[in-house]
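Now for the letters of each chain:
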Amino acid sequence: MHTTRLLKTAATGITVVLLAAACGSSSSSTPSGSAGTTERPAPPAGAAAASVGAGEGELNIVAWAGYAENGSTDKTVDWVTQFTKDSGCKVNVKIGNTSDEMVTLMKTGQYDGVSASGDATLRLVYGGDVAPVNTDLVPNYKTVSDFLKLKPWNSVNGTAYGIPHGWGANVLAYNTAVVKPAPTSWGAVFDANSPYKGKITAYDSPIYIADAALYLSKTKPELKITNPYALDDTQFQAAVDLLKVQRPLISKYWAAYTDQVNSFGAQESVLGTAWQINANLINGEKKVAVESFVPSEGSTGWSDTWMIASKAAHPNCMYKWMDYIISPKVNAQVAEWFGEAPAQTLACKETSDKAFCDGFHALDATYANSISYWTTPTKNCLDGRGDICKDYAAWTQAWTEIKG
Amino acid sequence: MALDTTTPTATSPEGSPRSVSGFLYRHPRVRLAGLLTAPMFWLVVLYLGSLAIMVLASFWSTDSFTGSLIKNPTLENYQTLFRGQVYWVIAARTVGIALAVTVIDMVLAVPLAFMAAKVVRSRRIRYAIVIAVTMPLWAGYLVKGYAMQTMFINNGVIDWILEPLGLKGPGLGLAAVVFSLAYLWLPYMVLPVYAGLERLPDSLLEASADLGASAGHTFRSVVLPMIVPSLIAGSIFTFSLTLGDYIMVKIVGGTTQMWANVIYDNVGVANNLPLAAAAALFPITVVVLYLLAVRRTGALENL
Amino acid sequence: MTISRRARWILGLISAAVLVFIYFPLVVVVVNSFNASKVFSWPPTSFTTEWWTKAATNDGVRAAILTSVKAASGATIIALLLGSMIAFAVSRYRFFGREPLSFVVILPIALPGIVTGIALNSSFNTVLVPLGISFGLFTVILGHATFCIVVVFNNLLARLRRTGTSFEEAAMDLGAGPFQTFRDVTFPAVRSALVAGALLAFALSFDEIVVTTFTSGPGIETLPQWIFNNLFRPNQGPIINAVAAAVLVAFIAPVYLAMRMSDGPGRVTQVGAEP
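So the protein lines, in turn, are chains V, F and X. Sequential numbering from 1 applies to the first sequence in the working numbering. Sequential numbering from 1001 applies to the second sequence in the working numbering. Sequential numbering from 2001 applies to the third sequence in the working numbering.
FYI, nobody ran anything at the bench for these hints, they're computed from the structure. Mixed in with the good hints, there may be bad ones.
Across the chosen pairs, the derived CB separations fall in these ranges [said to hold, decoys possible]:
1. X:F2021 to F:R1199: 38 to 48 angstroms
2. X:R2008 to F:K1168: 32 to 42 angstroms
3. V:D358 to X:R2062: 16 to 26 angstroms
4. X:D2184 to F:G1096: 52 to 62 angstroms
Each computed EDC-like pair below joins lysine to aspartate or glutamate, with the alpha-carbon atoms no more than 20 angstroms apart [to be verified]:
5. V:K90 to V:D391
6. V:K329 to V:D353
7. V:K197 to V:D233
8. V:K142 to V:E401
9. V:K94 to V:D74
10. X:K2054 to V:D364
11. V:K286 to V:E101
12. V:K379 to F:E1076
13. V:K224 to V:D241
14. V:K220 to V:E297
15. V:K151 to V:E297
16. X:K2070 to X:D2059
17. V:K379 to V:D233
18. V:K403 to V:D391
19. V:K94 to X:E2169
20. V:K85 to V:D323
21. V:K244 to V:D323
22. V:K287 to V:D74
23. V:K75 to X:E2050
24. V:K287 to F:D1063
25. V:K85 to X:D2173
26. V:K75 to X:E2168
27. V:K354 to V:D364
28. X:K2054 to V:E350
29. V:K90 to X:E2050
30. V:K244 to V:E401
31. V:K379 to F:D1063
32. V:K218 to V:E297
33. V:K224 to V:D383
34. V:K142 to V:D391
Predicted model, so just to flag it, every value in this text is computed and none were measured. All C-beta atoms in this analysis are idealised placements derived from N, C-alpha and C, irrespective of residue type, glycine included.
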């Protein structure tokens, strides 16, 4: 315990020196073509590193399931071991099942980095839990898709706060043997008279309210919902009411991905919101066949960013990890395993399925911009209408109410 | 204990340890202080202090965007909990589940404990029964939880057993939660009842039989009243464990929510410690009131 | 006790039914540990011993078991010390605050784990972290010891009440000092209660997940935490059933011993003493 504490103090000391030296050097160029970002309030002061030194020997990260595989889920799925060999950093992965969990974990200050979705990133930035990232220190960043750089969810006023990892849509999955005819719309999970009542699943997080709002934006245009994360009282109430209509249809609200895999496998659920990786795992067991797709109304989704903790104990290892995870081969592996579009443009040449990137529209900026990525709802409406929207606390309380 | 202040005048070659012993013997208060300092520090400062901080936190709030604590006193957390209808529903549901679990465990525990303590003659079989009841505690809470899921899930073990009869199990949900919790806490009910029955003098039961009471009558009028403290001791466990459980209900409860989920969802997930702390006051109040109420029955010594 | 044969039969039947009820899910666990399917499937269509071999060679499991043993040992030792101190103080002396103290001792185990967990977590954050003590094995032991104290306390208190002070007074009258009295008279009489308490404390700590979640840090993984983390991973899930079955069998002997030791001398001193 004594030695560890000594090492930790040394590492912190090095970080302090680095940060002090880097004072004022923020990262890259002015935002290029990012859609009308109004000037935001300044987040708590934090400086990006000036250089990356030798690895500290250990790395503690919070990640989505499937992002940091070390062979324990599937022997052939492993990119962490190679990283440890290359950098000498032993990786401890803590899986966060929802963005909320990840924010809570990062607040403990015990982790060096996190793969944050858009509904966590700004909370972490403004909470002072993450530091800006010096993208010059991450060589593979140069070839990341341009439509992911310096976006509203991973940058503030031109300062980058993370390295894009990958992005994807929340899909609608269904058991092909049971659900006939095949659904085409999200209406299938909101239908009060659904023949699959009691066998539908939904994602267990307040952010799921946005899925209802997205559906309403297409089916009830009179509500004038332009951004499913910017909901005023009327719009919010409509979404909550829809979810209460859905409540009796639900067999399980899932957060841990294997819960959904087991649920579909036991045919406890036959239809519902899923991630591509869940569908892949269910099909892999060859007991139940599921099909997954993005319905006609479009989807909510995520665009994940690797962020470094503001008080990271192992910042050098974290920078090495961030560069490693978006290197072409590794980003391709992650994308194929999880079932998402890789952030790294060069990864498309490295995928085992050559049509993979096409299937996920990985290089299609228009498609990428059509997904309603998870974003933290704030009182100040994200679509610019002023302070009339519901904030995340209201979403959380409504979620408890919806589940009943 | 007799506080005899006259010291023995025996002289002995032991020297220093002797004088320390003597000193301690003459000063019971020093002995007492020595015994109590460490535990008091641990329990009062560390534990009660932590609880106090938590209660204090329930009067704070968090910035919903950044999650930082705002330490200005406010009643908004309590207002949220009292005003929201869903919280009353969840609280009532949780207490209902706790009562059901307690009753079920009592009904299951008493015959078994009675069998082991009073009926079985062979000591070896008695040990075997008690060990058999305690062993599942070692199987691990989570493991048993997932075994329960395997049992209750659609096409699970229960459905598989009931299929030839043309019936179907209740599936994951409220019934599964009650059943699983009752299953998990059963050993905590059996052990105090067994200990209580063991202490029950056989002579009382013989006397009752001699006076002409049937087994059932003896049980109702002699045995039951004597084991009330043990039953209450067991119920403290089943009640408090149920009030605090948030994991089992997620595994076998389907979409059911219990009170501890409100606590956990706010502290572990939504990072809203003040609201979670306010919610935590509910089980704390219930348990403390219950403990105070049953102190007189002597149940607390049977835990 | 004389009860009718009919009553005895009914009682026996009910007891047997309850025992079956208790063990059936455990049988399911054992059967599932041989189930070849990775995700849920019942009844098992094919069997394999693969999970047992994987469990035996899995580094994570072994590290987790070791961590659990360390945490449980630390917690048990602290519980033994503090629990004994309080038990002796409460049974042998009258002092201001004796009743409230007995009450407070019970709180850590009577209050839900999540409450203890949150409370300890926020105070560790407020007090220990600024001092440089980060969350880890130490904080886990602190958390576990808190609710283990009462277990030792209760067992010991019951025994001390039963044994009374007459033997000790006799020893003192014969010239023994407090230390010697303790060593030769008190300790042997309460030893089995201490063992029973220690074993129960060890068991409680070993299987604890809730308080551990809130008092643990990265890099520390007790067995319940390992199980919790791996139940969510498709390939690891079935291994857990094997691990659980193994742990179950491994603890039969110690529990039996504890029973023997707690029952033995206690019965002797019970003669003539009130319950």
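Outcome of the hint check:
1. X:F2021 to F:R1199: 38 to 48 angstroms: This hint is violated: roughly 26 angstroms between Cβ atoms.
2. X:R2008 to F:K1168: 32 to 42 angstroms: Holds - the Cβ-Cβ distance for R2008 of chain X and K1168 of chain F, about 36 angstroms, lies within 32 to 42 angstroms.
3. V:D358 to X:R2062: 16 to 26 angstroms: With a Cβ separation near 45 angstroms, D358 of chain V and R2062 of chain X fall outside 16 to 26 angstroms, so the hint is violated.
4. X:D2184 to F:G1096: 52 to 62 angstroms: 55 angstroms, holds
5. V:K90 to V:D391: Distance ~39 angstroms between K90 of chain V and D391 of chain V Cα, so the pair is violated.
6. V:K329 to V:D353: The given pair, whose Cα atoms are some 13 angstroms apart, holds under the 20 angstroms limit.
7. V:K197 to V:D233: Given pair K197 of chain V, D233 of chain V is violated - Cα atoms ~29 angstroms apart, limit 20 angstroms.
8. V:K142 to V:E401: Not satisfied, since the Cα-Cα distance of roughly 45 angstroms exceeds 20 angstroms.
9. V:K94 to V:D74: 18 angstroms, holds
10. X:K2054 to V:D364: Violated: K2054 of chain X and D364 of chain V sit about 43 angstroms apart, past 20 angstroms.
11. V:K286 to V:E101: Roughly 32 angstroms separates the two Cα atoms, so the pair is violated.
12. V:K379 to F:E1076: Holds, at about 18 angstroms.
13. V:K224 to V:D241: Holds, at roughly 16 angstroms.
14. V:K220 to V:E297: 12 angstroms, holds
15. V:K151 to V:E297: The given pair, whose Cα atoms are some 24 angstroms apart, is violated under the 20 angstroms limit.
16. X:K2070 to X:D2059: 17 angstroms, holds
17. V:K379 to V:D233: Given pair K379 of chain V, D233 of chain V holds - Cα atoms ~11 angstroms apart, limit 20 angstroms.
18. V:K403 to V:D391: Holds, because 19 angstroms separates the two Cα atoms, which is no more than 20 angstroms.
19. V:K94 to X:E2169: 58 angstroms, violated
20. V:K85 to V:D323: Status holds; Cα separation ~15 angstroms.
21. V:K244 to V:D323: Violated: K244 of chain V and D323 of chain V sit about 44 angstroms apart, past 20 angstroms.
22. V:K287 to V:D74: OK: K287 of chain V and D74 of chain V at ~18 angstroms, within 20 angstroms.
23. V:K75 to X:E2050: 14 angstroms, holds
24. V:K287 to F:D1063: Distance of about 47 angstroms is beyond 20 angstroms: violated.
25. V:K85 to X:D2173: 72 angstroms, violated
26. V:K75 to X:E2168: 65 angstroms, violated
27. V:K354 to V:D364: Judged against 20 angstroms, a Cα distance of about 16 angstroms means the pair holds.
28. X:K2054 to V:E350: 32 angstroms, violated
29. V:K90 to X:E2050: 28 angstroms, violated
30. V:K244 to V:E401: 9 angstroms, holds
31. V:K379 to F:D1063: 12 angstroms, holds
32. V:K218 to V:E297: 6 angstroms, holds
33. V:K224 to V:D383: 12 angstroms, holds
34. V:K142 to V:D391: Given that 20 angstroms is the threshold and the Cα spacing comes to 35 angstroms, the pair is violated.
When held up to the earlier numbered hints, the structure conflicts with 1, 3, 5, 7, 8, 10, 11, 15, 19, 21, 24, 25, 26, 28, 29 and 34 and fits the remainder.
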